[in-house]
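Visitor: Given next are the chains, with one letter for each unit.
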Amino acid sequence: EPEVTQTPSHQVTQMGQEVILRCVPISNHLYFYWYRQILGQKVEFLVSFYNNEISEKSEIFDDQFSVERPDGSNFTLKIRSTKLEDSAMYFCASSGGGSVADTQYFGPGTRLTVL
Amino acid sequence: AQSVTQPDIHITVSEGASLELRCNYSYGATPYLFWYVQSPGQGLQLLLKYFSGDTLVQGIKGFEAEFKRSQSSFNLRKPSVHWSDAAEYFCAVAPRSNDYKLSFGAGTTVTVRA
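Residue numbers (this note's numbering), protein chains in the order written: chain A, 147 to 261; chain B, 10 to 123.
Just to be clear, a hint being listed does not mean it is correct.
Below, simulated DSS-like cross-link-like pairs (lysine-lysine); rule was C-alpha separation at most 25 angstroms, straight line [unchecked claim]:
(1) A:188 with B:58
(2) A:188 with A:229
(3) A:188 with A:203
(4) A:203 with A:229
(5) A:203 with A:224
(6) B:77 with B:58
(7) B:58 with A:203
(8) A:188 with A:224
(9) B:77 with A:188
In short, the hints are calculated from the structure, not lab data. Keep in mind that this is a model prediction, so the values were computed, not measured.
If we strip away everything but chain A, and leave its shape as in the complex, we get:
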């Protein structure tokens, strides 16, 4: 069964450093998402992406964040200058269609630790 993959599984970085989290969505999917979960808190929506542009973003997704589909298979989340509060599990998801009726398939997550 096709699945969403994410690398790395765990990333440790120093505050102020840039990080790039990588995701490979399911191959025929067109809609991509990032969510995050701070330890002990809810999973929160960050951004959705379609046709090489952001469809929607949350308040969390400020100028420090960016997303990109650099090639036909990868979908990345970049944090320009990490803060301690960016420590969280980051989930990538993809769906075949763009409505909420289309199931979002999630990857296993990348745990980001900012020191």
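We have chain A; now place chain B onto it with these hints.
Guide: The following block gives chain B in isolation, referenced to the frame of chain A:
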């Protein structure tokens, strides 16, 4: 304010016993409703979803959920749990609009004892 609540942080259940996980939502109109499961080291997997129609929804892995409009609830059930059901379970909602984002509850961790 719109919200989704899972009142139980952690539930322990014996193998073979029944399981019920609670989910309540607060939205202006009935949203789309989902249950996801996350096993250790795995991504979030969709168990079932409710959009309209029959209020009892069947999902994968023997799970079902019942939508109760009067109680703003969407509780997940399984008649007989297996050790492999030990995982974290998330209720999620999405508004009835062309809106891509899911809003998740805090999750319920299920431990299965032999």
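Visitor: Compare the structure with the hints numbered earlier in the document and write down the numbers of the violated ones, lowest to highest.
Guide: Failing hints: none at all.
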